[in-house]
Each structure stands twice: as C-alpha cells, then as structure tokens.
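Asks: Model the full structure from these sequences, guided by the hints.
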Amino acid sequence: MYSFNSRVRYSEVCTNKELDFYSIINYFQDCSIFHSEDIGVGLDYLEEHHRVWLMNAWQIKINRFPVFGEDITVSTWAYDFKTFYGYRNFMIEDAGKQVLAVANSVWVYMDTLNNCPAKIEEGVARAYKTEEAYPMEYAPRKILLPKEFSDAPAFAVQRRNLDTNNHVNNGEYIRMAEEYLPDGFNAAQMRAEYRKSALLGDEIIPRIHQDENTFMVVLSDTDQKPYTIIEYTL
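Residue numbers for the sequence shown follow full-length UniProt numbering, beginning at 1 and rising by one.
It is worth saying that the hints were derived from the structure and are not from the lab.
Hints may be right or wrong, so weigh each one.
Cβ-Cβ distance ranges computed for the label pairs, FRET-style [what the hints assert, rightly or not]:
no., residue 1, residue 2, range
1, Y45, E212, 40 to 48 Å
2, N16, E137, 38 to 46 Å
3, G42, L113, 13 to 21 Å
4, Y138, G201, 33 to 41 Å
5, K97, A188, 26 to 34 Å
This one's a predicted model, so the numbers in the text were calculated from it and none came from an experiment.
Backbone N, C-alpha and C fix where the C-beta goes; we use that ideal spot for every residue, glycine too.
Replies: Quick look at the structure:
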C-alpha cells in the first residue's frame, strides 16, 4: 500500500466546505501517480517506453465527504493485472483511521506509438507488488444506458481540461458532470465509464437522465457517442 498525508485545503472544497467527487478523484489520481513515481514506473518511464495508463472505469463509495481543514490519509494499491488491464483500489481515512471514501478503478495500458492496448510487461506488474482487493461490493465495469435523455447545451473542450497526455483528464469529465447535479442530490456512490478520449476543441454534448435514486450524465460527441458515462447513486 502506498499512502500520503494531507490536509483538506480551502481551494479544494465546495460551498458546503466539503470535498466533492472531483476533488476526491484528484487526490486518488495524485496518489496513484506518486506511487508509480516512487517505484520507478512513473511518467518519465512511461514516456520513454511509449506507454500510458488510461482510465477505463471508476467506482467511488462515500461514507463521509472530507471537510475543510481536516487531516486525511490517502492510500492506493494495485490488486490485479490482466493482459492490458490494471486494477487499483483507493482509500481516504480521517485522523482516527475511519474510512471516509473507498474506490475501485480499472486502467488500460496503452501503446502510444500504435494507439492500441499493450500487454503489461512483467517488470511493470512486479513493481507494484499486488495486494488483496478491498472488501466492497464491486459494480460492473460497464454502465447500462437508459433509452431517454434530455440534452443540455454543448460546449467545447478547453486547454484547462487537458492533462500531460493531451487528452481531457479523467477527473475533468467528473467536474463537467457535477455542473448538472440537482441541488440536494447527495450521492453516496459515483461510477464512471470512459469510452473514448476528448481532445482540445472537441464539442461535448451533455445528455442527462434522472430517476428516483440515480442521476446520470453522458458526455457525448456530436454523433451522440459517449466520451464518458457518469452515474451518481443515492
């Protein structure tokens, strides 16, 4: 397990002085990158070997959102590798070691020269020293789409949405989706399925569906093909 300690900053919280799913994903993403850097298979290694890890799916379960000023510990560990898929858990604990949030994530190892999935090298998998998966109820990787949506106005991808891969960062899609969450919809779980990468200048059309316990935002291209599907559940 790899962990780092932090204190929730004012710049990270919402109007209710709590982190949201976007901020939590940023903590998780930073933790996974720190982990990879410290074991020698980080950003420079991946660039040198023409590889990149792309997010395929998130499942985040919240017991309590961390609040402004709170001391937290963010942890991550890999629990499995299969061909070109990597599986990683995350956790946020408070100062009393109470689990505030836990997550499952699925990543795809990509060959950046040929723009296709690549088999995970034995040395890369071995560097992570896999551990037991966190005991939680694991949701399917794929999210089923309902038949009916209402469309919101389209918008274009901006430079601020991009990461070092020149794609929209996986957390940015979550921030986009949060703009459409109804007031008072206090989700305890968020799932996201990433189907393709959006690039600078691409037009994104938000498609929205809500039922009694679920709020879904599908961020689609102009042909209504999803970039990312985000599902919030009470």
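Asks: For each hint, tell me whether it holds in the structure or not.
Replies: These are the hints, each one checked on the structure:
Restraint check, Y45 to E212: a C-beta distance of roughly 47 Å satisfies the suggested window 40 to 48 Å. For the pair N16 and E137, the supplied restraint of 38 to 46 Å is violated, since their beta-carbon distance comes to about 27 Å. Look at G42 against L113: about 19 Å separates their beta carbons, and that is inside 13 to 21 Å. Between Y138 and G201 the beta carbon distance is about 36 Å. The supplied range of 33 to 41 Å therefore holds.
For K97 and A188, the hinted distance range of 26 to 34 Å is not satisfied, since their beta carbons lie about 21 Å from each other.
Checked against the numbered hints above, the structure breaks hints 2 and 5 and satisfies the rest.
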